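Number of protein chains: 2
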Amino acid sequence: MERIPILRMGEFLLVTIQVDMHDQLALTLQEDLTTMIQKKNAKGVLIDISALEIVDSFIGRMIADISAMSRLLDARTVLVGMQPAVAITLVELGLSLSGVRTALNVERGMRLLRMDWDSWEGVDGRHRG
Amino acid sequence: MERIPILRMGEFLLVTIQVDMHDQLALTLQEDLTTMIQKKNAKGVLIDISALEIVDSFIGRMIADISAMSRLLDARTVLVGMQPAVAITLVELGLSLSGVRTALNVERGMRLLRMDWDSWEGVDGRHRG
Numbered sequence: 001m002e003r004i005p006i007l008r009m010g011e012f013l014l015v016t017i018q019v020d021m022h023d024q025l026a027l028t029l030q031e032d033l034t035t036m037i038q039k040k041n042a043k044g045v046l047i048d049i050s051a052l053e054i055v056d057s058f059i060g061r062m063i064a065d066i067s068a069m070s071r072l073l074d075a076r077t078v079l080v081g082m083q084p085a086v087a088i089t090l091v092e093l094g095l096s097l098s099g100v101r102t103a104l105n106v107e108r109g110m111r112l113l114r115m116d117w118d119s120w121e122g123v124d125g126r127h128r129g
Numbered sequence: 001m002e003r004i005p006i007l008r009m010g011e012f013l014l015v016t017i018q019v020d021m022h023d024q025l026a027l028t029l030q031e032d033l034t035t036m037i038q039k040k041n042a043k044g045v046l047i048d049i050s051a052l053e054i055v056d057s058f059i060g061r062m063i064a065d066i067s068a069m070s071r072l073l074d075a076r077t078v079l080v081g082m083q084p085a086v087a088i089t090l091v092e093l094g095l096s097l098s099g100v101r102t103a104l105n106v107e108r109g110m111r112l113l114r115m116d117w118d119s120w121e122g123v124d125g126r127h128r129g
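As given, the protein sequences belong to chains S and E, one line each in that order.
Under UniProt numbering, the residues of the first sequence are numbered 1 to 129, in order.
Under UniProt numbering, the residues of the second sequence are numbered 1 to 129, in order.
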């Protein structure tokens, strides 16, 4: 397993993390993802972690980094599928992933990205409540 | 890693295979998938193997089995993301995965499922060419 696959779904990209991350794999993922955002003109990234039973500070930081990088490339990131136990651990560890948006599952994440995108597309001087 | 996550995307399910399969993991996947097809009333299953560099007869049979099981539960299966080298090996091994439909990537696979579903929805005695 050398790289984590990135699936394109319309204007969004989906990354499913199923394996233990290590430095090189995380770096490769960041490279692949940023390249793909640019090449495919992707508007959003969904990171699915439903397979992860543990999210440590390394993965937490990687997710925050990916989110920040995507934002610089004008793509929004949504983290989906977090298991309840992971949410508990993250808060206990003091890793609240601030700045990273989350959704219950891929479907809701995609809806969130779509709403977001529509609202950006629709913005032309009007104030939106 | 005890189970492969199954993501719901509208009326379809997406399975991304990233890790080496073994007996128990394959059985768990089949159980999880068939349960989810029934519970979520899924109309189609996308199996993404873009991360696999090798598909042996075990995985080939597992995919064929999943496809057959899904069909019995009234869901269609499309295998997506096959690497060119995998296609070569499969044919050389005599595993042509007959009965399993394929598409280049998730997007096209989803379009295929949607077309398929629409055509089924639209069938009411009319002959479709």
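No wet-lab data here; the hints were simulated from the structure.
Bear in mind the structure is a predicted one, so any value in this text is a computation, not a measurement.
Incorrect hints may appear among the rest.
As the list claims (entries may be wrong) - Below, a list of computed lysine to aspartate or glutamate pairs in the DMTMM-like style, where the Cα atoms sit at most 20 Å apart:
(1) 43(S) / 56(S)
(2) 43(E) / 2(S)
(3) 40(S) / 107(E)
(4) 43(E) / 116(E)
(5) 40(E) / 32(S)
(6) 43(E) / 32(E)
(7) 39(E) / 107(S)
(8) 43(E) / 92(E)
(9) 43(E) / 74(E)
(10) 39(S) / 74(E)
(11) 43(S) / 23(E)
(12) 40(E) / 92(E)
What the hints assert, rightly or not - Chain S stretches covered by chain E per the calculated footprint, using a threshold of three residues with CB under 8 Å from any CB of chain E:
(13) 55–61
(14) 88–101
Unchecked claim - So these bits of chain E aren't anywhere near chain S, every CB distance computed over 10 Å:
(15) 3
(16) 10
(17) 19
(18) 58
(19) 81
(20) 97
Beta carbons: idealized from backbone N, C-alpha and C, even for Gly.
The hints, checked one at a time:
| no. | hint | verdict |
| --- | --- | --- |
| 1 | 43(S) / 56(S) | violated, 28 Å |
| 2 | 43(E) / 2(S) | violated, 32 Å |
| 3 | 40(S) / 107(E) | holds, 13 Å |
| 4 | 43(E) / 116(E) | holds, 10 Å |
| 5 | 40(E) / 32(S) | violated, 33 Å |
| 6 | 43(E) / 32(E) | holds, 15 Å |
| 7 | 39(E) / 107(S) | holds, 16 Å |
| 8 | 43(E) / 92(E) | violated, 32 Å |
| 9 | 43(E) / 74(E) | holds, 7 Å |
| 10 | 39(S) / 74(E) | violated, 37 Å |
| 11 | 43(S) / 23(E) | violated, 39 Å |
| 12 | 40(E) / 92(E) | violated, 38 Å |
| 13 | 55–61 | violated (count 0) |
| 14 | 88–101 | violated (count 0) |
| 15 | 3 | violated, 7 Å |
| 16 | 10 | violated, 7 Å |
| 17 | 19 | violated, 6 Å |
| 18 | 58 | holds, 17 Å |
| 19 | 81 | violated, 7 Å |
| 20 | 97 | holds, 20 Å |
In summary, the numbered hints that this structure violates are 1, 2, 5, 8, 10, 11, 12, 13, 14, 15, 16, 17, 19.
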